[in-house]
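Make a model of the complete structure from these sequences and hints.
6 protein chains.
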Amino acid sequence: MFSHIDETLINALKEDLGSGDVTTAALIPEDHVSEALLVAKGDIVLAGLPFAERVFQLVDSSLIFKSLKREGSRVGKGSIIARAKGKTAGLLIAERTALNLLQRMSGIATLTNEYIEAVRGLNVAITDTRKTAPGLRFFDKYAVSMGGGMNHRYGLYDGVLIKDNHIAAAGGVGKAVKLARASAHHLLKIEVEVNNISEVKEALSAGADIIMLDNMDVDMMKKAVGVIRQKKSGVLIEASGNMNLDNIREAAETGVDLISVGALTHSAPAADLSLQIRSV
Amino acid sequence: MFSHIDETLINALKEDLGSGDVTTAALIPEDHVSEALLVAKGDIVLAGLPFAERVFQLVDSSLIFKSLKREGSRVGKGSIIARAKGKTAGLLIAERTALNLLQRMSGIATLTNEYIEAVRGLNVAITDTRKTAPGLRFFDKYAVSMGGGMNHRYGLYDGVLIKDNHIAAAGGVGKAVKLARASAHHLLKIEVEVNNISEVKEALSAGADIIMLDNMDVDMMKKAVGVIRQKKSGVLIEASGNMNLDNIREAAETGVDLISVGALTHSAPAADLSLQIRSV
Amino acid sequence: MFSHIDETLINALKEDLGSGDVTTAALIPEDHVSEALLVAKGDIVLAGLPFAERVFQLVDSSLIFKSLKREGSRVGKGSIIARAKGKTAGLLIAERTALNLLQRMSGIATLTNEYIEAVRGLNVAITDTRKTAPGLRFFDKYAVSMGGGMNHRYGLYDGVLIKDNHIAAAGGVGKAVKLARASAHHLLKIEVEVNNISEVKEALSAGADIIMLDNMDVDMMKKAVGVIRQKKSGVLIEASGNMNLDNIREAAETGVDLISVGALTHSAPAADLSLQIRSV
Amino acid sequence: MFSHIDETLINALKEDLGSGDVTTAALIPEDHVSEALLVAKGDIVLAGLPFAERVFQLVDSSLIFKSLKREGSRVGKGSIIARAKGKTAGLLIAERTALNLLQRMSGIATLTNEYIEAVRGLNVAITDTRKTAPGLRFFDKYAVSMGGGMNHRYGLYDGVLIKDNHIAAAGGVGKAVKLARASAHHLLKIEVEVNNISEVKEALSAGADIIMLDNMDVDMMKKAVGVIRQKKSGVLIEASGNMNLDNIREAAETGVDLISVGALTHSAPAADLSLQIRSV
Amino acid sequence: MFSHIDETLINALKEDLGSGDVTTAALIPEDHVSEALLVAKGDIVLAGLPFAERVFQLVDSSLIFKSLKREGSRVGKGSIIARAKGKTAGLLIAERTALNLLQRMSGIATLTNEYIEAVRGLNVAITDTRKTAPGLRFFDKYAVSMGGGMNHRYGLYDGVLIKDNHIAAAGGVGKAVKLARASAHHLLKIEVEVNNISEVKEALSAGADIIMLDNMDVDMMKKAVGVIRQKKSGVLIEASGNMNLDNIREAAETGVDLISVGALTHSAPAADLSLQIRSV
Amino acid sequence: MFSHIDETLINALKEDLGSGDVTTAALIPEDHVSEALLVAKGDIVLAGLPFAERVFQLVDSSLIFKSLKREGSRVGKGSIIARAKGKTAGLLIAERTALNLLQRMSGIATLTNEYIEAVRGLNVAITDTRKTAPGLRFFDKYAVSMGGGMNHRYGLYDGVLIKDNHIAAAGGVGKAVKLARASAHHLLKIEVEVNNISEVKEALSAGADIIMLDNMDVDMMKKAVGVIRQKKSGVLIEASGNMNLDNIREAAETGVDLISVGALTHSAPAADLSLQIRSV
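Chains as they are written, first to last, in my numbering: chain A, 108 to 387; chain B, 108 to 387; chain C, 108 to 387; chain D, 108 to 387; chain E, 108 to 387; chain F, 108 to 387.
No false leads were slipped in.
Copies of the same chain look alike in the list, so a pair counts if it fits in one copy or across any two.
Below, in silico cross-link-like pairs of lysine-lysine (DSS-like), each with a Cα-Cα straight-line distance of 27 Å or less:
#1 K270 x K173
#2 K148 x K270
#3 K192 x K282
#4 K282 x K194
Quick caveat, the hints were computed from the structure, so don't treat them as lab data.
Shown next as structure tokens:
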């Protein structure tokens, strides 16, 4: 299938390969064949396997890749995740790009899953943000969903989210919500960021579909949720701002519907994975 | 100047902007003007400022961007790093992409600098690896250098690095080194990975220019350094494998010339930066 | 500004210019200078002027282009719309591509405006569809908005629109609406296509945000509008299917909120415009 | 085969799909299979079928597409033109792009064929112009040929056509023709536009290979044809300017060899075609 | 101006620069300024200067480039052709790409000019062929024209040239010419390759516009020219096949109109040019 | 495999094919099948066969191509090198691009081999330079290796080579070598160009890994080699500057390790090859 995915993978392969793998060219006979095992070196949630497979195919379409674990599943240290077989040169050229992708994506999925565990039992969704690595938004957001998170809008084009700067330019929360409703196409809801209870009320009156409580402390969040639930059904409430594993459960317990967490994609440490290649 | 840099930045802008910023289109008058302040929200080493500036220019060439801090310098919490001024719509469209880049790069520079501090006073270089985010190698490696680190080879094309799989296929450390020397062009040195003292000796005999001690414990590293220094001058020694801020000083004290650290680029948490926009 | 727009314009210029304009190369001295007048040869609503200007700039950045009429305005036969001046060779190379764009876009804007006139006084929006020329969606939709129409979703990515095939696969209107609500991100509304009053009710019960009356006759449309307005406020109603200038007012009078018209973009005849070039 | 065709089709698919089909992702199970029937909803001349097939293949190479009607043939209302089968998600994603292409191309072929019918029995060719949709020249011209029309030059690069502006810059019809002959490569003929009988004679004297009668009334066309036929054999005569279905036969009866009609590609209404998908 | 030219130049710069000029980065201070003189080291016909200038601009738009000799002129050994001034780093990065282009193009122009000199006084054009370096056809053909040669068709798309394989498939010279006339658009002439006098006559009868005498010896060429000139005026005659500086005058004296020479573009030795850089 | 190779080949095909092969379209029935023989018309060293095969595949993946000679082997006049079979149209469209590539590459391989023969028996490598055709560096360098030559660095990025301009800017040979060593990554050796014996000594003292004797006469070269060999083992010596088939053996006899020859890639005449197509 045509897609941006291949473009990103090929771009990553090209930046690594450049004018050629001088070490492999010198040392690996053209017909030398190996098997490579993809092994988890820690306890992780797996994400990125289909794209890793695609990396191997792009390098050498005759390589055989077999996934042994399910995307999105939790995998214990030492588990063999996949097996690739074919010409050694291709395996070596694909190795680092495939691992870089898998380590990043599984790192994001694993961290996301920790947040999911932290709010277990509560009726709240954990969502990502647009704070993704430049050029890797699809992969980052896909990894969040593999970890159990929910995706927020993909970009500036598929969701209206009115922030403080928009509000200032428009002349207030209420005016901003109404302007947005008049301009955005009818399939888009209107979400607006608020900083205090007065803005919460203004947003409600103006007909906001979703209200984002930005950087509020827990007490104000509780109060805001109360005001909204009382006044109008069907309005979604999102909490946002400096959420971490220590404070997220408390935030979730205020009754908000969603909590967005930038760290999922901008600060997840890489998952530890390795590729073990041996001649066959 | 022509370059891959613009392609990467434009690609990142496009994935965020898609068919247009529906919120800004609805709310920001075309001629509305603002000033944006780039502010550090933590103590960081700054990296990526010229590229952030370029993001603003690519969105709207009439935006004026002024850096107030020096790339690579340490910047305290609350510092104003740069000031951008011009049409509000452009500032808002550029905001997230510029921040995503700066937060990642400054995060890498800041972490790198912690490693540099950890080995202060010792004659050792801290280098990155090829464990970078797919498509962002240039930016990741540039950030390492801003943090005081040294760049290892850029990819498979500009350096010979013989790893265990190459050695297995070639039939031993010595054979591999000799094959590489015969094949790679004369401007490239030969680095070989070794796992024990016997391989160290074989590498030396075969004429390796650089010897990488892979995943050795400190005792074996010391012994390896001793063997190499005694036998041959001019050979560089690199330590590699699971280096972290706790163990790097001890490793450095063994007398190796370089230590490569994957975490610099695959696990650096984002630096905390924000863009504050206000009408003018 | 970076954009897909330039890519499309350059692509159009390249398909016309190929390896060079052999006639101009033979006949027009390099320093020959002309003035070109863009003239309306019929009564039209103008759309595409900024892109026509960009075409001239892409061919020769020293050409001076001055718009004399406002984008989106109605322009009478014989009106001079814009004036371009500079090297004759550049004017001649840009001419056809600029005109092809303007004629298509002004044709769409003019036709859209006829629909707007046809429903004048009624509280209904005329929207486009995804039935645009391949590769020209942005330009086609922009032209609709210049003609006074409203844009529907841009593509498959920025709006949920459940059609009969989705319903069949999901097992009914109600199930489909609920599945969509559970899966799409929270900033997107759910629109569903219905064919009869029973489906209208099912859609309402399932919580559809927008109901599209597909190919209904006027009587059924009236009945559907009645059912919806009675049961639930805030639900938008769209009419769709074989709308034309003869039947649109009657459809609008049923009280629907929006009517989508494929012909706006797939069957608008070109507006008649010409470029008159003379030496200066 | 490598080609610009795929680039155009992929571009069209991308502008529709963007970051993904949110409706299909929510509602269609990954392994759901359907059959799609492409049906004519009016009497049309078919054009674009191989490209529609390619669209389905680009979306999902496992889709099976079978044409039931011949490209270029006339197809009656209700006819099944092709059958596609495979995963429902792929069929739905390809549907609109394939239809947009087919509707435009068949619209052009159908209109062209009306012109062909209008001059039936006369020895005249109906040709297209360069007035095509930006980026779609290949498809537009191909559709004209499917409708029985003849293609004029593809662009500025593969034919010399001297227009009034060239003549003015060169200093007259005769001078222009001679300059063109001296400069263009020897495989290209020289066509020149003339507005009156005096220019016809000048063009003949200068050795023009083809003479285009621009916007002449029927009487002057007859006279021009007479002058040319008498003076010189082998010279082709083209009529051009505001030709439509009402006046083309009269123009053709003047004895010209070709008549070029801009409307074929800039004002053809879309052919009415639909894709009916059902689960299997 | 948009063009394929920049794409080719950037591509050439990228293949040389890759991830960066490691030598210049190490040794040249960022603000170091130099002047570079482009010097002829032999007697050459100059071609490519505007493109060399563009290379410098693409590397660093602040470099100042001043041509001192005219494109297409003959330049003696030691002549200073151009002067560039600005940052040393940019000059060094642009140097090799600019020189590679200039040396190739001036080599072609110089060789072409030797052929022109060899037929001085005869009424014959020397033309190139499609035997150009892959990807460099525009540059190669431009260089031929700078050397005084004439360009043949640019590619397969802008001229009909019937070769032996086409003739075999079509069933004879006459049939082939007629088929081509019926199919190619009316602005293209028909050229056909012939191998003997019988084919010459067949081509004439069928109405070929241009006859190419392929690999004939001088006697047969003379006879062919006689037959053609006698039978029909206005038919052009091209000679082709293994032409070199030793035999071209004799071929030209047979009275043919054009002689095509593959060696102009596939075997021209590089012109000797150097860039002398000195600090200022 | 993903690669720049296909991009270059497709680019070359596109510049030849443009909007289509008008001759083949007119004359070759779609299902006409032929066999094509690739024949050497002189005694050559073969290079480029896999890329020629790829050209045929890119044009029509159903074409069958069979190599009968080995890449890099010497092939006598009249030898059949390869056989291609399939649709005639595809063979004709691929013909010129495949031949242009093969003729250039085999020309380079054949010339390189003459240099190899000229130094037969001496312990010296013949290397190429960066003086390649713009955009064709990979193909040019590959051809050199097929002819028995050694590849020098690929570009500015994979080798440090300090030239006179760098030395001037750095303030002397010794300073330049030391600066380069401090800045380039540890896998790169340092090569420096010297012009006299004093610079040779300075380079040695500064620790240069490779010394390039630039444009020295044979006597100075001998002296330089003597000085270097005496002072330090392991330093490589390269000779460079105006080497040709007449003077290269004498240069090689001075004892240098490598001699770089620009003419290999900038002045090799095309090898004479043809494609003979016949119906089957």
